[in-house]
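Residue numbers (numbering that gives the first Met the number 0), protein chains in the order written: chain F, 0 to 511; chain V, 0 to 682.
Derived by calculation from the structure, the hints in this document are not laboratory data. Values in this document were obtained by computation on a predicted structure and should not be read as measured data. Don't be surprised by glycine CBs; every beta carbon is placed ideally from N, CA and C. Errors might be hidden in some of the hints.
Unchecked claim - Derived DEER-like restraints, expressed as beta-carbon distance ranges:
id: 1; chain 1: F; residue 1: Val451; chain 2: V; residue 2: Asn478; range: 31 to 37 Å
id: 2; chain 1: V; residue 1: Gly548; chain 2: F; residue 2: Asn342; range: 29 to 35 Å
id: 3; chain 1: V; residue 1: Lys118; chain 2: F; residue 2: Ser163; range: 52 to 58 Å
Unchecked claim - Anything over 12 Å on all C-beta distances counts as not near chain F; from chain V, calculated:
id: 4; residue: Ser109
id: 5; residue: Val111
id: 6; residue: Asp136
id: 7; residue: Lys158
id: 8; residue: Gln355
id: 9; residue: Glu475
id: 10; residue: Gly548
id: 11; residue: Leu573
Listed below are the residues making up each chain.
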Amino acid sequence: MAGYKPVAIQTYPILGEKITQDTLYWNNYKTPVQIKEFGAVSKVDFSPQPPYNYAVTASSRIHIYGRYSQEPIKTFSRFKDTAYCATFRQDGRLLVAGSEDGGVQLFDISGRAPLRQFEGHTKAVHTVDFTADKYHVVSGADDYTVKLWDIPNSKEILTFKEHSDYVRCGCASKLNPDLFITGSYDHTVKMFDARTSESVLSVEHGQPVESVLLFPSGGLLVSAGGRYVKVWDMLKGGQLLVSLKNHHKTVTCLCLSSSGQRLLSGSLDRKVKVYSTTSYKVVHSFDYAASILSLALAHEDETIVVGMTNGILSVKHRKSEAKKESLPRRRRPAYRTFIKGKNYMKQRDDILINRPAKKHLELYDRDLKHFRISKALDRVLDTPEITVSIIKELNRRGVLANALAGRDEKEISHVLNFLIRNLSQPRFAPVLINAAEIIIDIYLPVIGQSPVVDKKFLLLQGLVEKEIDYQRELLETLGMMDMLFATMRRKEGTSVLEHTSDGFPENKKIES
Amino acid sequence: MAAGGGGSCDPLAPAGVPCAFSPHSQAYFALASTDGHLRVWETANNRLHQEYVPSAHLSGTCTCLAWAPARLQAKESPQRKKRKSEAVGMSNQTDLLALGTAVGSILLYSTVKGELHSKLISGGHDNRVNCIQWHQDSGCLYSCSDDKHIVEWNVQTCKVKCKWKGDNSSVSSLCISPDGKMLLSAGRTIKLWVLETKEVYRHFTGHATPVSSLMFTTIRPPNESQPFDGITGLYFLSGAVHDRLLNVWQVRSENKEKSAVMSFTVTDEPVYIDLTLSENKEEPVKLAVVCRDGQVHLFEHILNGYCKKPLTSNCTIQIATPGKGKKSTPKPIPILAAGFCSDKMSLLLVYGSWFQPTIERVALNSREPHMCLVRDISNCWAPKVETAITKVRTPVMNSEAKVLVPGIPGHHAAIKPAPPQTEQVESKRKSGGNEVSIEERLGAMDIDTHKKGKEDLQTNSFPVLLTQGLESNDFEMLNKVLQTRNVNLIKKTVLRMPLHTIIPLLQELTKRLQGHPNSAVLMVQWLKCVLTVHASYLSTLPDLVPQLGTLYQLMESRVKTFQKLSHLHGKLILLITQYFIFFQVTASEKTKGATSPGQKAKLVYEEESSEEESDDEIADKDSEDNWDEDEEESESEKDEDVEEEDEDAEGKDEENGEDRDTASEKELNGDSDLDPENESEEE
Chain F
0 MAGYKPVAIQ
10 TYPILGEKIT
20 QDTLYWNNYK
30 TPVQIKEFGA
40 VSKVDFSPQP
50 PYNYAVTASS
60 RIHIYGRYSQ
70 EPIKTFSRFK
80 DTAYCATFRQ
90 DGRLLVAGSE
100 DGGVQLFDIS
110 GRAPLRQFEG
120 HTKAVHTVDF
130 TADKYHVVSG
140 ADDYTVKLWD
150 IPNSKEILTF
160 KEHSDYVRCG
170 CASKLNPDLF
180 ITGSYDHTVK
190 MFDARTSESV
200 LSVEHGQPVE
210 SVLLFPSGGL
220 LVSAGGRYVK
230 VWDMLKGGQL
240 LVSLKNHHKT
250 VTCLCLSSSG
260 QRLLSGSLDR
270 KVKVYSTTSY
280 KVVHSFDYAA
290 SILSLALAHE
300 DETIVVGMTN
310 GILSVKHRKS
320 EAKKESLPRR
330 RRPAYRTFIK
340 GKNYMKQRDD
350 ILINRPAKKH
360 LELYDRDLKH
370 FRISKALDRV
380 LDTPEITVSI
390 IKELNRRGVL
400 ANALAGRDEK
410 EISHVLNFLI
420 RNLSQPRFAP
430 VLINAAEIII
440 DIYLPVIGQS
450 PVVDKKFLLL
460 QGLVEKEIDY
470 QRELLETLGM
480 MDMLFATMRR
490 KEGTSVLEHT
500 SDGFPENKKI
510 ES
Chain V
0 MAAGGGGSCD
10 PLAPAGVPCA
20 FSPHSQAYFA
30 LASTDGHLRV
40 WETANNRLHQ
50 EYVPSAHLSG
60 TCTCLAWAPA
70 RLQAKESPQR
80 KKRKSEAVGM
90 SNQTDLLALG
100 TAVGSILLYS
110 TVKGELHSKL
120 ISGGHDNRVN
130 CIQWHQDSGC
140 LYSCSDDKHI
150 VEWNVQTCKV
160 KCKWKGDNSS
170 VSSLCISPDG
180 KMLLSAGRTI
190 KLWVLETKEV
200 YRHFTGHATP
210 VSSLMFTTIR
220 PPNESQPFDG
230 ITGLYFLSGA
240 VHDRLLNVWQ
250 VRSENKEKSA
260 VMSFTVTDEP
270 VYIDLTLSEN
280 KEEPVKLAVV
290 CRDGQVHLFE
300 HILNGYCKKP
310 LTSNCTIQIA
320 TPGKGKKSTP
330 KPIPILAAGF
340 CSDKMSLLLV
350 YGSWFQPTIE
360 RVALNSREPH
370 MCLVRDISNC
380 WAPKVETAIT
390 KVRTPVMNSE
400 AKVLVPGIPG
410 HHAAIKPAPP
420 QTEQVESKRK
430 SGGNEVSIEE
440 RLGAMDIDTH
450 KKGKEDLQTN
460 SFPVLLTQGL
470 ESNDFEMLNK
480 VLQTRNVNLI
490 KKTVLRMPLH
500 TIIPLLQELT
510 KRLQGHPNSA
520 VLMVQWLKCV
530 LTVHASYLST
540 LPDLVPQLGT
550 LYQLMESRVK
560 TFQKLSHLHG
570 KLILLITQYF
580 IFFQVTASEK
590 TKGATSPGQK
600 AKLVYEEESS
610 EEESDDEIAD
620 KDSEDNWDED
630 EEESESEKDE
640 DVEEEDEDAE
650 GKDEENGEDR
660 DTASEKELNG
670 DSDLDPENES
680 EEE
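Whole structure, please, built from the sequences with the hints as guidance.
Right under this line is the structure:
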C-alpha cells in the first residue's frame, strides 16, 4: 500500500531579531531591585572575596550591600564632602576611598573610623586603587597629580605630575605590583611604573578619558571617553586595536564579565552595551531609566549593579537554574527496548520481512489522509506557515473551494480573521489572495445575512486597499531606484539603453 | 497729576515701556514702544495723534520720556516765531517731550511741530539715561544715567548747566520737590539734594533692588504747627524693580530714623504709578499702581506717620476679553498705564497692546474692592486714525483677518477677533471668580512656554534623534522619529541628516518595510524622501547596487502580487458596494415597513438584479425541482403589487439558504468521493 505523503511544510526565514546565545544569557536576569541612594552613584565595586559584598559610593557616604540585601549592611559616612571611588582590596578586607577635599581614606571593612588618612592632594581625588602587592595605594586627583602611597607607614612614596588636566580614572595592574594606569581629561591614558619616575607609556584617546580598564592579562587596555571606547594593545607599545562608537553620549564606565569574554560599557545615554571581546561587536544592550555613572558585575556574572545620576541603584540578579532539574523525570523505556531484535543477523535460509516503520503523522496530516479537509484547515489556522502549506496542498488537489465552503458564521469569520491577519505578509500573499477570491465566490450569495461576517469583509477590503496603496508607492520608489541604478551602470560602461530595456519590461509586467 | 505727569515711567523695569500722560488735561498719551517709535495718542478719542521715529531708534532706543510742564512750553513755544518771548498765549498747549535714550543722548520732541526740536548731547551722559525730570519753573531739565551722574540742562541753550556724581552706582530715578528747591535721586540709596548747592541733604535706605520710581505725595506737611521750610515733613513714594512693595518715606529732621514710614503692597512689580497730591491734611492721597501682571491697584490713604503693616489696595481693576462661547475662558487684557484725571474722580486706563493701546476713562467707585471690565479689544483693531491728521497709514482690515499681537509676559496669547457676546453674563462670571493668583499664572505660563519649546525642539531634534537612534540602534528612539506622519517633517529631517547616516537609515528602512501596510506606508515616505533628497550622494556610492540590492529585491517581490491583489480588491469593492447597500436598504425597509413610492421603486430594481444572480447560482446546482415553479410564479407575479413581491423575495431567500446548505452538504460528500480519484490520478 502506497503510504500517505505528509504535507511538506515550507520553511520561511524567521523575521525580526535573531536570538543569540548572548541575548539568552543576558536576558536571564530577574527584574531589577531599585535602591535609592542619597546622590548620584559614582562608583560600585564588588568585593573579590565571598560573600561578594559590594561598596556603593554616593554623595558623602559609602554603603556596603550584601548579595541579596536591600538595606546597607554597613555604612561609612565619615566624609566631610563627597566621597569617590570606594574600592576593595583583593582580599576584600580593606576599602580605600577618595574625597572631594583631597583626602584619601583607608577603612577596615569591620571598623568604622578610617585606618589611614593620606593627606597630600590639594584637590578632589576621583580615583584610588590598591596595587597588586596589597601594600600600596594609587590615587589620582584634580590637581593633575598621581600619587603612590605606602599603607604601613601612611607615607607618600611617589608623585607623578605628567597629566595636564584632571585625573579622573585609573586602575592598577593585577599582575605587576609596580604598574598602574591613569586616564585624564587631557585626553591621555598613561601607564606608570613605580620603579621609574616617569610614565612608561602614553596613549592619546582623543577625548577626556572617563574610565580605563586593564584586561586580567594586562596586555590589553580599554579606555572610555567621549562617545568612544577604545582598546589598546599594551604589548605592542600602545597600538590602537579597536575604536567602538556605539553610544550616543559620553561613556562613563567600563566593566569586564567574569569570563573575560564580554566587555560592558555604561553611558550617559542610559544604555549598557555588551561587546564580545573577540569580535568587538555589540552583542546585547540594556536600557536603564537614567544616565549611568557606574557599573559592576558580581562574581560569575551573578549580579549586575548599575548606579545612575538620579541616585538610583539598580541591582539585577541572575535567575537561578536549579528549578528545572527538580522536575520529576518520566520513566521512559530503556534503550534496549527499542533496539530489540534489530541486531539479529540473517541466517542462510531466513527470509527477512521488514515491517514498515510506523510513520508518525501530524494531526492535520491525519485529517487530510482521511479527507477531512475542512477540519484539517481549521485545525491549523493559528500557525500561518502550516496553513499556507495546507492551502497550497488543497489547491493542488483542486478541493480548496470545497474546504472553504459550507461553513457557518463562526467558522467563516475564523477563516476571514486569518486572512486579515496574514494577507499583507508578502510570503503568504500569493496563496492567500487566491483563497480570498475563492471565499468571495463561494459566499457571494449569502453576504449580508450576518453582520459579523460583513464586518470582516469590510475589514478585509480596508486592508487590501491599504496594501494596494502601499504597493503603488513601492512601484514609484522602484522607479526611482531604477533611475539611480541606471546612473551607476552608465558609469560602469554598459549602455544605458540596454539597461532601460532591462528594467522597463519588468515594471510593465507588474503594472499591467 | 501735575507731579506725576512726567516722572512715572520706570526705566529699569524690563516690562515697562516708557510712557506718560501729558500734564494737566491729559490730552495726550506719549508712548515710546520697543520698536523705537514714539507714538502720541489722543486720550479723548483714542486716536493716534503723531508718530515719530528717531533717526537712531535702533541703536539708541528710548528709555524714558517726560512731558514738559505746560507753563514752560508756553514760554518758549517754538512754533511762534518770536522765540523766548514771554507768555505768549495758549498756556495749556502741551508741546515739548523729552526722550532719554540708551546711548545717553536726550531728544526734545515738539508735538506741535511734529518733529525734533533739539538734541541735548554735548557734555551729557555717556550711558543709558534712566530718568528725566523737568523743573516746574526754571525751565531746567534734570537727567540721570547709568554713568552715575546727574545732569542739569538748560533747555533753551541746550547746554549742560551742571553735572555732578549722584551715586556710586547708576542713578535710576529722579524727582523734584514740590517747591522746586530739592531733588530726590535714587541709586543705591535715595538721596535728597539741595538744588542750589548740589549738596546732599538727607539719605534714605531700605530698597534691596534698584529704585524704579520716585514721587512726592504731599505738597504740605501733615502738621502745620511748625514753620514749613519747604521740605521737612513731606512724604514721598518709591517703587523698586522686582519688588511688590511701594515704600513711603517722610523727610524729617536730621536725627530721626531714615527708614520707610509705611508701605503699600501690590500683586506684582509696579510698572506705572500715578497719584493725586493731597493738598491739605484731611484729603487722602489717591494712588494708582499698574502692575506688571496687567492689573491696576488703587489706594486711598491719609498719610499720617508710621504704619507697620503694609497696606493692601482698596480697589483692583482688571480687564478681560469676553470669552468666546461657553468653553473658552476670558483672557485678561493687560493694563499698560493709568492716570488720574484732573477731577480726581475718574481714571484714564490704557490697555491692550503697546502698539495699539486703547485709552478709556473710567469713573472710580471706591466701594467695590474689585472691578473687572469686559472689553472686546479685537474691534479696536479697526483703524481709527484719521489720515488727515497724521501721516500714518494703517492697513485696512476685514473682519476675517486674524490679528496677531506681540505679547508681553503673562499676556502672551494672541488675541483673535471674537464675535460680540452678551457682555453681561461674562462680566458676572468673571467678577464672581477670584482673580488668578500669580502662582497660577506663572504655572500657566510655564506650561505654555514648555509646549512651545517642545514644538520647536521637535523639528530641530529629529535629525539628531534619528542619528543617535541609528548609531545606538535604539528601537524606541527610531520608532519615535520614523513613525511621524508629517511629510514636511520627514523632508526636513532627511535634508538635515548627515551623509554617513544615509546608508544605515536605508538599512533600517529595509527592515521596517516588511511589516504591515499601515506602518510600512510611512517607511516608503521616508524612503522616497531619502532617494529624492540624497539622490546625488547615493549615485556617487560605488557599491550602491549591492547596498540597496536587498531593498530592491524585497520591494520587487512585494509588488509581484499587485495584479492579483487589485483583482481581489475589485471583487471586494463590488461586493461591498452592491450587496451591503442593498441589504442595508432592505433591512431599513423591513424595520420601517415603509410604503413610500420612491423607495419601493428602488427596491424593485435591486430585487431583480439579485434574483438573476441567485438564479444563476441555483441553476448551476440544479438541485431542487420546485424551483422552476417558484420562478414561474414570481415571473407571473411581477406585474402585481410590489409588497407581495417583497414577501416573495424573502421567502426565496430563505429557500436559497436552504438550497445552499443542502448543496454544500452534497458537495462535501462529493468531495470525499472525489478525493481518492485525485490521489490515484497523481500516483
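Verification of the supplied hints:
A hinted range of 31 to 37 Å holds for the C-beta pair valine 451 (chain F) and asparagine 478 (chain V), which are about 34 Å apart. Take glycine 548 (chain V) and asparagine 342 (chain F): their Cβ atoms lie about 55 Å apart, and the range 29 to 35 Å is violated. Our hint of 52 to 58 Å for lysine 118 (chain V) and serine 163 (chain F) holds, since their Cβ atoms are close to 57 Å apart. Look at serine 109 (chain V): its CB is around 63 Å from the nearest CB on chain F, clear of 12 Å, so calling it non-interface holds up.
Non-interface status of valine 111 (chain V) relative to chain F is upheld: no Cβ of that chain comes within 12 Å, the nearest being about 66 Å off. For aspartate 136 (chain V), the requirement that its beta carbon stay farther than 12 Å from each beta carbon of chain F is met, with the minimum near 66 Å. Its beta-carbon lying about 60 Å from the closest one in chain F, lysine 158 (chain V) satisfies the requirement of being farther than 12 Å from that chain. Consistency note on glutamine 355 (chain V): stated as away from chain F, and its beta-carbon is indeed over 12 Å from all of that chain's, at 49 Å minimum.
Look at glutamate 475 (chain V): its CB is around 8 Å from the nearest CB on chain F, not clear of 12 Å, so calling it non-interface is violated. At roughly 9 Å, the least C-beta separation between glycine 548 (chain V) and chain F is not larger than 12 Å, which violates its mark as non-interface. For leucine 573 (chain V), the shortest C-beta to C-beta distance to chain F comes to about 9 Å, within the 12 Å cut-off, and the non-interface label is violated.
Of the numbered hints given earlier, the model fails hints 2, 9, 10 and 11; all others are met.
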